[in-house]
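Turn these sequences into a full structure, and let the hints guide you.
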Amino acid sequence: MSLENRVCINSCEEYDSRRIYAVIQEQFRQLNAAELVKPGMKAVIKPNLVLKSKPEAAVVTHPLVVAAVASCLQELGAEVLVAESPGGLYTPGALRSSYHACGYSDAAKSHGFALNEDCSSRELKTPGGAVSKTFEVIAPILDADLIVDVCKLKTHCMMGLSAAVKNMFGVVPGLMKPELHCRFPEKAPFAEMLVDLCCGVRPHLCVVDAITAMEGNGPSGGNPRFVGALLSARDPFYLDVLCAGLVGMKTADIPYLQAAHSRGLCPADIDGLEIIGENYRSFIAPDFVQPESKTSNFIEHLPRFLQPLAARLATPAPRIRAKDCVGCGKCAESCPQHTIKLENRRARIDYSHCIRCYCCHEMCPQHVIDIKRMPLFKL
Numbered sequence: 001m002s003l004e005n006r007v008c009i010n011s012c013e014e015y016d017s018r019r020i021y022a023v024i025q026e027q028f029r030q031l032n033a034a035e036l037v038k039p040g041m042k043a044v045i046k047p048n049l050v051l052k053s054k055p056e057a058a059v060v061t062h063p064l065v066v067a068a069v070a071s072c073l074q075e076l077g078a079e080v081l082v083a084e085s086p087g088g089l090y091t092p093g094a095l096r097s098s099y100h101a102c103g104y105s106d107a108a109k110s111h112g113f114a115l116n117e118d119c120s121s122r123e124l125k126t127p128g129g130a131v132s133k134t135f136e137v138i139a140p141i142l143d144a145d146l147i148v149d150v151c152k153l154k155t156h157c158m159m160g161l162s163a164a165v166k167n168m169f170g171v172v173p174g175l176m177k178p179e180l181h182c183r184f185p186e187k188a189p190f191a192e193m194l195v196d197l198c199c200g201v202r203p204h205l206c207v208v209d210a211i212t213a214m215e216g217n218g219p220s221g222g223n224p225r226f227v228g229a230l231l232s233a234r235d236p237f238y239l240d241v242l243c244a245g246l247v248g249m250k251t252a253d254i255p256y257l258q259a260a261h262s263r264g265l266c267p268a269d270i271d272g273l274e275i276i277g278e279n280y281r282s283f284i285a286p287d288f289v290q291p292e293s294k295t296s297n298f299i300e301h302l303p304r305f306l307q308p309l310a311a312r313l314a315t316p317a318p319r320i321r322a323k324d325c326v327g328c329g330k331c332a333e334s335c336p337q338h339t340i341k342l343e344n345r346r347a348r349i350d351y352s353h354c355i356r357c358y359c360c361h362e363m364c365p366q367h368v369i370d371i372k373r374m375p376l377f378k379l
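Residue numbering for the sequence shown follows UniProt numbering, starting at 1 and increasing by one per position.
Treat the hints as calculated values from the structure; they're not laboratory data.
Accuracy of the hints is not assured; some may be wrong.
Unchecked claim - For lysine-lysine, the following BS3-like pairs were computed, each having C-alpha atoms within a straight-line distance of at most 27 angstroms:
id, residue 1, residue 2
1, Lys250, Lys187
2, Lys372, Lys250
3, Lys54, Lys372
4, Lys341, Lys187
5, Lys109, Lys52
6, Lys187, Lys133
7, Lys187, Lys125
8, Lys38, Lys109
9, Lys323, Lys52
10, Lys372, Lys187
11, Lys341, Lys52
12, Lys372, Lys52
13, Lys323, Lys250
14, Lys38, Lys125
15, Lys341, Lys372
16, Lys109, Lys42
17, Lys323, Lys341
18, Lys54, Lys323
19, Lys341, Lys250
20, Lys54, Lys109
Listed below in structure tokens is the structure:
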């Protein structure tokens with residue numbers, strides 16, 4: 001197999017900077033990163049900073065993992081910039097606030113890498129895209145000589161899994177993300193869009209922070225779960241096939257991996273990977289808690305005319321815990337359908353227009369939006 005098919009996995013049981021650095025350095029050697037990284041290159045690290053959160057909550061990529069990747073790139077002669085567009089407003093002030101809250105400001109100072117504050121964006125053409133031929137993408141990504149995708153292993157209420165491929169959605173500027181949710185409200189076309197975007201941006205190296213992952217209703221409302229691993233690869237799709245296996249999912253459970261496999265971009269299962277490092281089976285968590293939104297397979301066995309209604313009823317919906325809502329408006333700001341309104345300093349959802357994208361759940365800083373299924377469909 002080629003280096004493009006290789007996935008590295010090694011144990012790392014705690015957020016110890018020296019151990020993380022040693023693992024990343026060895027994985028980059030196995031991936032021949034020196035072939036990709038040349039002196040003077042502008043390398044942009046794209047972490048997952050979906051919202052302001054302390055690293056121990058397992059919502060964001062841990063800053064020590066980003067710092068270790070930055071050090072390895074610097075040793076190869078690259079100039080390192082960290083760039084991300086979290087959900088919500090994409091402004092220099094919002095970026096600085098996110099960097100500080102997530103522990104990146106201190107990491108940048110101690111490890112000598114820069115944090116992006118350029119909030120401009122440009123059009124990226126993706127002529128081979130299945131559902132989208134263009135994307136608006138943050139400028140630092142388009143200006144990079146080398147893109148390094150450094151993500152967090154998490155469940156995802158809409159896509160099942162958030163890892164290397166889904167992390168690339170963060171290159172779309174802030175409030176333009178809801179526009180894509182609105183254009184592609186169903187899972188299948190949204191998954192195709194993610195594949196188009198990832199193929200267009202095409203990160204050169206990918207690293208997964210799976211020391212502590214997130215289970216349950218990720219990517220921000222779940223719970224931390226120890227996995228004790230770091231993973232790396234050149235190809236984000238191949239990497240995510242292994243990530244899916246670690247959390248008890250199959251490629252068929254992940255819409256964007258289904259889409260990628262249908263295009264010949266990744267194998268159908270782990271057997272198609274060249275896995276380097278340690279035995280991946282030792283990291284599998286068989287009782288890893290899946291998102292509440294995981295769909296029921298029985299729908300496909302119903303008569304075709306009943307399937308749309310059954311799918312609508314079976315698909316879990318976001319539910320706001322009104323007594324805990326502080327009326328910050330982040331959910332309304334992130335809603336692509338503008339179906340959330342603030343009334344008496346409490347958020348209210350108009351379910352007749354809710355597309356079940358779960359952006360509100362993902363972006364709620366107070367974590368007071370739950371994903372609930374009708375009792376009948378919990379059986």
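Taking the hints in turn, this is what the structure says about them:
no.: 1; hint: Lys250 to Lys187; result: holds (16 angstroms)
no.: 2; hint: Lys372 to Lys250; result: holds (23 angstroms)
no.: 3; hint: Lys54 to Lys372; result: holds (26 angstroms)
no.: 4; hint: Lys341 to Lys187; result: holds (24 angstroms)
no.: 5; hint: Lys109 to Lys52; result: holds (19 angstroms)
no.: 6; hint: Lys187 to Lys133; result: holds (19 angstroms)
no.: 7; hint: Lys187 to Lys125; result: holds (23 angstroms)
no.: 8; hint: Lys38 to Lys109; result: holds (23 angstroms)
no.: 9; hint: Lys323 to Lys52; result: holds (23 angstroms)
no.: 10; hint: Lys372 to Lys187; result: holds (18 angstroms)
no.: 11; hint: Lys341 to Lys52; result: holds (23 angstroms)
no.: 12; hint: Lys372 to Lys52; result: holds (24 angstroms)
no.: 13; hint: Lys323 to Lys250; result: violated (38 angstroms)
no.: 14; hint: Lys38 to Lys125; result: holds (26 angstroms)
no.: 15; hint: Lys341 to Lys372; result: holds (20 angstroms)
no.: 16; hint: Lys109 to Lys42; result: holds (18 angstroms)
no.: 17; hint: Lys323 to Lys341; result: holds (16 angstroms)
no.: 18; hint: Lys54 to Lys323; result: holds (24 angstroms)
no.: 19; hint: Lys341 to Lys250; result: violated (37 angstroms)
no.: 20; hint: Lys54 to Lys109; result: holds (18 angstroms)
Of the hints listed earlier, those the structure fails to meet are numbers 13, 19, in rising order.
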